[in-house]
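J.: Protein chains in written order, with numbering that gives the first Met the number 0: chain R, 0 to 355; chain X, 0 to 355.
Treat each hint with caution, since some may be false.
Where chains are identical, the list cannot tell them apart; a pair therefore holds if satisfied intra-copy or between any two copies.
Taking lysine-lysine and the DSSO-like style, the derived pairs with C-alpha atoms no more than 30 Å apart in a straight line are [stated by the list, open to error]: (1) LYS42 <-> LYS81; (2) LYS81 <-> LYS288; (3) LYS122 <-> LYS81; (4) LYS342 <-> LYS157; (5) LYS288 <-> LYS304; (6) LYS157 <-> LYS288; (7) LYS42 <-> LYS342; (8) LYS288 <-> LYS122; (9) LYS81 <-> LYS134; (10) LYS42 <-> LYS122; (11) LYS288 <-> LYS342; (12) LYS157 <-> LYS304; (13) LYS134 <-> LYS122; (14) LYS42 <-> LYS157.
Hints are computed from structural coordinates only; laboratory data are not their basis.
Here the structure is a predicted model, which means the values were calculated and not measured.
Number of protein chains: 2
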Amino acid sequence: MGTPKSTLDPAAAAAPAALATTISLRQPYLLFLGDASHSSRAKTALGVYDWAPEACAAQLRLPDCAVDLGLPELSPAEAAQKGIGSLLIGIAPIGGQFSDGWLPTLFSAVEAGLDIISGLHAKLGDIPGLAEAAKARGVRLIDVRRPPAGLPVGSGRKRRGKRLLTVGTDCALGKKYTALALARALRAQGVAADFRATGQTGIMIAGTGIPLDAVISDFTAGAAECLSPDAAADHWDVVEGQGSLFHPAYAGVTLGLVHGSQPDAMVLCHEPGRTHIWGYPDFPTPTLKVAIEEYERAARLTNPKARVVGIAFNTSMLDEAERARLLADTERELGLPCFDPLKTPLDAVVQRLLSL
Amino acid sequence: MGTPKSTLDPAAAAAPAALATTISLRQPYLLFLGDASHSSRAKTALGVYDWAPEACAAQLRLPDCAVDLGLPELSPAEAAQKGIGSLLIGIAPIGGQFSDGWLPTLFSAVEAGLDIISGLHAKLGDIPGLAEAAKARGVRLIDVRRPPAGLPVGSGRKRRGKRLLTVGTDCALGKKYTALALARALRAQGVAADFRATGQTGIMIAGTGIPLDAVISDFTAGAAECLSPDAAADHWDVVEGQGSLFHPAYAGVTLGLVHGSQPDAMVLCHEPGRTHIWGYPDFPTPTLKVAIEEYERAARLTNPKARVVGIAFNTSMLDEAERARLLADTERELGLPCFDPLKTPLDAVVQRLLSL
Numbered sequence: 000m001g002t003p004k005s006t007l008d009p010a011a012a013a014a015p016a017a018l019a020t021t022i023s024l025r026q027p028y029l030l031f032l033g034d035a036s037h038s039s040r041a042k043t044a045l046g047v048y049d050w051a052p053e054a055c056a057a058q059l060r061l062p063d064c065a066v067d068l069g070l071p072e073l074s075p076a077e078a079a080q081k082g083i084g085s086l087l088i089g090i091a092p093i094g095g096q097f098s099d100g101w102l103p104t105l106f107s108a109v110e111a112g113l114d115i116i117s118g119l120h121a122k123l124g125d126i127p128g129l130a131e132a133a134k135a136r137g138v139r140l141i142d143v144r145r146p147p148a149g150l151p152v153g154s155g156r157k158r159r160g161k162r163l164l165t166v167g168t169d170c171a172l173g174k175k176y177t178a179l180a181l182a183r184a185l186r187a188q189g190v191a192a193d194f195r196a197t198g199q200t201g202i203m204i205a206g207t208g209i210p211l212d213a214v215i216s217d218f219t220a221g222a223a224e225c226l227s228p229d230a231a232a233d234h235w236d237v238v239e240g241q242g243s244l245f246h247p248a249y250a251g252v253t254l255g256l257v258h259g260s261q262p263d264a265m266v267l268c269h270e271p272g273r274t275h276i277w278g279y280p281d282f283p284t285p286t287l288k289v290a291i292e293e294y295e296r297a298a299r300l301t302n303p304k305a306r307v308v309g310i311a312f313n314t315s316m317l318d319e320a321e322r323a324r325l326l327a328d329t330e331r332e333l334g335l336p337c338f339d340p341l342k343t344p345l346d347a348v349v350q351r352l353l354s355l
Numbered sequence: 000m001g002t003p004k005s006t007l008d009p010a011a012a013a014a015p016a017a018l019a020t021t022i023s024l025r026q027p028y029l030l031f032l033g034d035a036s037h038s039s040r041a042k043t044a045l046g047v048y049d050w051a052p053e054a055c056a057a058q059l060r061l062p063d064c065a066v067d068l069g070l071p072e073l074s075p076a077e078a079a080q081k082g083i084g085s086l087l088i089g090i091a092p093i094g095g096q097f098s099d100g101w102l103p104t105l106f107s108a109v110e111a112g113l114d115i116i117s118g119l120h121a122k123l124g125d126i127p128g129l130a131e132a133a134k135a136r137g138v139r140l141i142d143v144r145r146p147p148a149g150l151p152v153g154s155g156r157k158r159r160g161k162r163l164l165t166v167g168t169d170c171a172l173g174k175k176y177t178a179l180a181l182a183r184a185l186r187a188q189g190v191a192a193d194f195r196a197t198g199q200t201g202i203m204i205a206g207t208g209i210p211l212d213a214v215i216s217d218f219t220a221g222a223a224e225c226l227s228p229d230a231a232a233d234h235w236d237v238v239e240g241q242g243s244l245f246h247p248a249y250a251g252v253t254l255g256l257v258h259g260s261q262p263d264a265m266v267l268c269h270e271p272g273r274t275h276i277w278g279y280p281d282f283p284t285p286t287l288k289v290a291i292e293e294y295e296r297a298a299r300l301t302n303p304k305a306r307v308v309g310i311a312f313n314t315s316m317l318d319e320a321e322r323a324r325l326l327a328d329t330e331r332e333l334g335l336p337c338f339d340p341l342k343t344p345l346d347a348v349v350q351r352l353l354s355l
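Hey, can you work out the whole structure from these sequences and the hints?
T.: Here it is as structure tokens:
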């Protein structure tokens, strides 16, 4: 970084990079539920099925499997015949390793011509013989935790189209689901909108994306630029946020994402009662007012019009009366639409977006 | 990042990590000048010799070499006999590749029992046979662009001792030399002080450090924490800055470094006449006043006492009268000691530091 990287012609570099540097998955999926003993172990499959049911064509369960999504049961060969593109490993065992009991299924999938998609810590290419089999059959082994090669340095160039980024007072309080719900609500209004995934489950749902937290720091903003390329003037990219500007470990990732996604609009996510950064008792979460100011200040480096347009609360631990009171009080205090993306309508925030 | 990493006992994790996760080089060096046709090609060797002459015991030149540092000329075998620890590749050919003409020297160095240190883009381990030879001989091939494995996530825990970080209005305007000069000036006053390197040349000078721009973004703050571990209450770590908070590609790296190094003091580096971020004509550099405010705001997340204590100018393109006027005018305007680390005394800023 001491010597700035070449940025001689960022405009010329951006267009092809946007295609080449983003993970791209072959949908629909055959969801592999393996030997999941409980739905908590199949969170990946459940999340993908919840948010992208059209991408989930079938399921494959081993004899001990206690989870059933009610999808057609297909073997890899049957799935390939029906035009399914990939076997998606939908379970997350403790330790993040592949179980020996899965290996016959993984090899059958390759043999049948399916790609294999994994979000586990262990790498598909480390399974003895699988990479060779995949190469011979012409299919891909895709670890969605691994970023694509060749990500560029950020250019700072303003791109066409509109962008929304979900941001947070902390990690792990609903930025992904808020972005998914907003993209869905925009499309329901007839607005062209794409969810842009920055984490592994999001990538599986969208079928494309970049795992931002695994990118080398010099390329974080550039990766965010690749993720939401030039688009039509009235098109919205709804970008999944990561981390928090108030997090002592991850604020840098968040700032790179804010700069690279150059959002026109941000939705601030918060969980009521979260008084401290998760796992960091010495770091209080900011007030909503301070968080709004800081995100707007940060975002205006690459988009002077950036503004927070709404607050998304994760109210899963509140009852209905408490939820209604919180949303009404905060709306009055901050003058912004407030909602819970999984529990209340998004009409007001969508109206606010479309009026920008 | 969606699920926060374990931070159950950050204090317990920090101490051993500080040792295991930092590059450590065996000094003194045999500086390899190769076939350098001009001193501009030997910038690495010149920088290391300028700032760490005590670490440069000898030089090794090929027949065509046009650069001479005036050091004793030793073969790898002679160097090893005299207790030299490493052959340091001090030249940077266009393209960043190893020249075929160097290979006999590199293999001789391994055979003689020297480590080899490189900052080139090409990796030492990719030279056919060299890794095997090094393993057999028990020496190391060290690419200082490659961060150590096992870096932790930032803990945010306040560490003992004092820390100074150099920060900038842009990249490439003197943050490394300012940090080196400050560490040297502190030691000249009898203060215990260490330069902490975050880039490749700095690592070669210090013999230790972490190449921060090559770290995966989730671990940037954690790497900065490892770099300046707990120390005596009156000890100063002087940390080499990277990037700039005002840079559309690198601000995230800078923010992670600011948070992880938790500076008590920052020195702001600027080059007069640099009106825009280098290579980014749409991005103006900030005023010094704005830069001071933004760095202090950012740093106070992990150190509420953080403050800017001086301004370092790169005045290489000014004459003496212009330099004197710039420093005097800026001191009056901002009330902070102003200096050029390579041209003017550092007494005032060192006094300010010691009065904190």
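J.: None of the hints should be skipped; say for each whether it holds.
T.: We went through each hint and held it up to the structure:
1. LYS42 <-> LYS81: within (25 Å within a copy, 61 Å between copies)
2. LYS81 <-> LYS288: For LYS81 and LYS288, neither the intra-copy (52 Å) nor the inter-copy (64 Å) Cα distance is at most 30 Å.
3. LYS122 <-> LYS81: The answer is within: 28 Å in one copy meets 30 Å, while 46 Å across copies does not.
4. LYS342 <-> LYS157: Neither, since 35 Å and 40 Å both go past 30 Å.
5. LYS288 <-> LYS304: Answer is both; intra-copy 18 Å and inter-copy 23 Å each pass.
6. LYS157 <-> LYS288: both (27 Å within a copy, 27 Å between copies)
7. LYS42 <-> LYS342: This pair counts as within: shortest intra-copy Cα distance 20 Å, inter-copy 61 Å.
8. LYS288 <-> LYS122: Neither: 42 Å inside a chain and 49 Å across chains, both beyond 30 Å.
9. LYS81 <-> LYS134: Answer is within: at 22 Å inside a copy they meet the 30 Å cutoff, but 52 Å across does not.
10. LYS42 <-> LYS122: Close inside one copy (19 Å), not across copies (40 Å); limit 30 Å.
11. LYS288 <-> LYS342: within (23 Å within a copy, 46 Å between copies)
12. LYS157 <-> LYS304: Within. Shortest intra-copy distance 12 Å satisfies the 30 Å Cα cut-off; inter-copy 36 Å does not.
13. LYS134 <-> LYS122: So LYS134 and LYS122 pass the 30 Å test inside a copy (16 Å) and across (26 Å) alike.
14. LYS42 <-> LYS157: The answer is neither: 37 Å in one copy and 36 Å across copies each exceed 30 Å.
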